[in-house]
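Visitor: Chains as they are written, first to last, in the working numbering: chain A, 405 to 739; chain B, 8 to 358.
Read the hints as simulated data drawn from the structure, not as lab findings.
Do not rely on the hints blindly, as some may be mistaken.
[To be verified] Distance ranges between label pairs, derived from CB positions: (1) C41/B to R500/A: 50 to 58 Å; (2) K543/A to D357/B: 21 to 29 Å; (3) R52/B to I645/A: 24 to 32 Å; (4) D531/A to K56/B: 48 to 56 Å; (5) N494/A to E197/B: 50 to 58 Å.
Every residue gets a Cβ at the ideal spot worked out from N, C-alpha and C, and that includes glycine.
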Amino acid sequence: MKEIIKKLTECFGPSGYEAAVRSCISAELPKGVEARVDAMGNLIVHKPAAGKGGRKVMVAAHMDEIGVVVTHVDQKGFLRFGNVGGVRLNPLMGGRVRFADGTIGVIGMEKVDDASRLPALEKFYIDVGAASPGDCPVKVGDVACFHRGFEQLGTRMVAKAMDDRVGCAVILQTLKVMEKSPNDLYFVFTVQEEVGLRGAATSGFGVEPEIAVAVDVTLTGDTPECPPMAVALGAGPTVKIKDGGMLAHAGVKDWLMRTAENAGIAYQREVLVAGTTDACAIQVSRAGVPSGCISIPTRFVHMPSEVVDAGDVEGAVKLLSAALSHPIDIGGEKS
Amino acid sequence: MLLEQLSEASGVSGHEEEVRALLLPAIRDRVDACRVDGIGNLIARKKAKGSSSLRVLVAAHMDEVGLMITLIEESGLLRFAKVGGIDDRVLPARTVLIGDKKIPGVIGVKPVHLSEKGEAEKVMEWKQLSIDIGASSKAEAERLVQRGDYAVFATEYRSMAADLSAWRTVQGKAFDDRAGCAILAELLSERQDFDLIAGFTVQEEVGLRGARVAAYAENPDVAVVVECTGANEVPTTRDVSPSTRLGCGPSITIRDNSFIADARLVELFTNVAVQRGIPHQFKQPNIGGTDAGAIHRSRAGVPSITIAVPARYIHSPAAIMDLNDFENTIALLREALPRLSGALTPLRRDA
Numbered sequence: 405m406k407e408i409i410k411k412l413t414e415c416f417g418p419s420g421y422e423a424a425v426r427s428c429i430s431a432e433l434p435k436g437v438e439a440r441v442d443a444m445g446n447l448i449v450h451k452p453a454a455g456k457g458g459r460k461v462m463v464a465a466h467m468d469e470i471g472v473v474v475t476h477v478d479q480k481g482f483l484r485f486g487n488v489g490g491v492r493l494n495p496l497m498g499g500r501v502r503f504a505d506g507t508i509g510v511i512g513m514e515k516v517d518d519a520s521r522l523p524a525l526e527k528f529y530i531d532v533g534a535a536s537p538g539d540c541p542v543k544v545g546d547v548a549c550f551h552r553g554f555e556q557l558g559t560r561m562v563a564k565a566m567d568d569r570v571g572c573a574v575i576l577q578t579l580k581v582m583e584k585s586p587n588d589l590y591f592v593f594t595v596q597e598e599v600g601l602r603g604a605a606t607s608g609f610g611v612e613p614e615i616a617v618a619v620d621v622t623l624t625g626d627t628p629e630c631p632p633m634a635v636a637l638g639a640g641p642t643v644k645i646k647d648g649g650m651l652a653h654a655g656v657k658d659w660l661m662r663t664a665e666n667a668g669i670a671y672q673r674e675v676l677v678a679g680t681t682d683a684c685a686i687q688v689s690r691a692g693v694p695s696g697c698i699s700i701p702t703r704f705v706h707m708p709s710e711v712v713d714a715g716d717v718e719g720a721v722k723l724l725s726a727a728l729s730h731p732i733d734i735g736g737e738k739s
Numbered sequence: 008m009l010l011e012q013l014s015e016a017s018g019v020s021g022h023e024e025e026v027r028a029l030l031l032p033a034i035r036d037r038v039d040a041c042r043v044d045g046i047g048n049l050i051a052r053k054k055a056k057g058s059s060s061l062r063v064l065v066a067a068h069m070d071e072v073g074l075m076i077t078l079i080e081e082s083g084l085l086r087f088a089k090v091g092g093i094d095d096r097v098l099p100a101r102t103v104l105i106g107d108k109k110i111p112g113v114i115g116v117k118p119v120h121l122s123e124k125g126e127a128e129k130v131m132e133w134k135q136l137s138i139d140i141g142a143s144s145k146a147e148a149e150r151l152v153q154r155g156d157y158a159v160f161a162t163e164y165r166s167m168a169a170d171l172s173a174w175r176t177v178q179g180k181a182f183d184d185r186a187g188c189a190i191l192a193e194l195l196s197e198r199q200d201f202d203l204i205a206g207f208t209v210q211e212e213v214g215l216r217g218a219r220v221a222a223y224a225e226n227p228d229v230a231v232v233v234e235c236t237g238a239n240e241v242p243t244t245r246d247v248s249p250s251t252r253l254g255c256g257p258s259i260t261i262r263d264n265s266f267i268a269d270a271r272l273v274e275l276f277t278n279v280a281v282q283r284g285i286p287h288q289f290k291q292p293n294i295g296g297t298d299a300g301a302i303h304r305s306r307a308g309v310p311s312i313t314i315a316v317p318a319r320y321i322h323s324p325a326a327i328m329d330l331n332d333f334e335n336t337i338a339l340l341r342e343a344l345p346r347l348s349g350a351l352t353p354l355r356r357d358a
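All chains should be modelled from the sequences, with the hints used to inform the complete structure.
Guide: Structural data, given as structure tokens:
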């Protein structure tokens, strides 16, 4: 899966501008598959049930990534910018960004009085090599992603936008490898997750699933002096129990854990203190959707170099395809 | 003039009756049907010329930021809470009108002579302030106002420097978003080639609440929000964005904190402005939010855009707006709306 992850992570796709990612995924879809783009730009792929008695399941991974948006071009051609999603300040200085047309910018910072503290975002600017607004190739409102290439580090893979192109790769691969399923499956590549789960809210309404599973990244607790979290890179994908925005449906969580145990797939139990995923929005769509989440443990989330383990990614594909290939029992009454 | 009446009307979020009462007679004869929904939105429909399956919601909010009386003290002074986003710095020494009877009051502040050293340099937090209606006791005050009454800034609509300036400025309160309401009422005089739904919404300032239910009920294909947005080009030494500038025409939102405008709509409005020579500007991204924030994520999603009249000092007792901007906003909408159906090319899988 290295090739597709490389291809997807190197695509340009800050929230609201996911067309290149959508195009890349579309080109990878199995021939003859039923796919459409909804009003918001979500790519919705339908794999109809083979046989009867299955459930209508929506699997979601988001195409968008965090980035920056130009708010002002000053008289000397420097750009002021705002965040698109949860941008961290630490890696900005000296970092590079890339605009849709390929323009590269370098991030600089005004002088600061107190070097021990990070200044506010307003103190940073982007240099695209322009000397005035007239020769600046970028205008107010243009968005950029962080500019970093994909690298392989042993069994680890590092790239910008692993969040959530690795999730896109997992559901795409699941769609490719899965044999017939008794379930009516919708693989949804969503937009605008990083700015408020907006694509998931609307596609969740449009698809109207009975059950939903998001595939996204989660944090780890295995790096030096990091906040404690019982998730480690390389120990398998996680099944979410709770995060900052949702409680996974107990029946969905049990179904995914049971599937992993029966199939002998290593998994980790995930409790994430902050942050959330598309499942949070889908869960409260319409009259409510039992929802859960499979996550890929990821180091340095929302930094320009996000690190995942290849085994965890393969494990997520195995877990998701095993879960979707068989009749689903999430307990309770079937509606 | 409708704008003047709308600006002077009291209509704090949750109590928009007076604004609705002005709008109803102004639009009734221009539309095919009118209703007030369960939360108070005024929704009007104007059918397409001929038949069309496209339904377009054009929305403007009726409510304004203001105050609510929370407690009547033994002294007869009134404690209050803020409704919507008001900066504490604009409150002291303002005159207000309370309740449907428009009881005049003053947000009291100690004279400079009586202020202690350092006191006058500090911003008073709203909780420390009270409204004085000239009542000498709680009993007296209770005859005029009651807990839960709304208060608005007592600001008359006025023209400014009309003969001196290239701008045609007016000052008043609540241009956010009575300017939008006046523009939307004006747009209803024309029949479009799509079904037009006019949504005069409630409770925008407290969380886009009216727009959310209006969008759900009307289920439009596209939405255009007409707003009034902050201009802040007053001189500064730093070369940073003024958000918008007065006198530079309607602002087109590319993204704000509540939504990302549909790129096809941004292109349409920009192209129309350029082709028709209508001055226009782009609002600084990542500032504020509008009804589009709720509408665009309604049901299965609604491609949306916000077009706004710039005004200085919004959310304060006296904003300043240029009528040229106001009229250019109407002009841009008049020119762009008829081209809306052609602009919505389907989003492609392989863009």
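Visitor: Against each hint, give a clear statement of whether it holds in the structure.
Guide: Structure-based check of all given hints:
Taken as a hint, the range 50 to 58 Å holds for the pair C41/B and R500/A, whose Cβ atoms sit roughly 55 Å apart. The hint said 21 to 29 Å for the Cβ distance between K543/A and D357/B, and at roughly 26 Å that hint holds. The hinted range of 24 to 32 Å is not satisfied by R52/B and I645/A, whose Cβ atoms lie roughly 48 Å apart. Range check, D531/A to K56/B: about 52 Å between beta-carbon atoms, so the 48 to 56 Å window is met.
The hint said 50 to 58 Å for the Cβ distance between N494/A and E197/B, and at roughly 53 Å that hint holds.
Violated hints amount to a single one, hint 3; each of the other numbered hints is respected by the structure.
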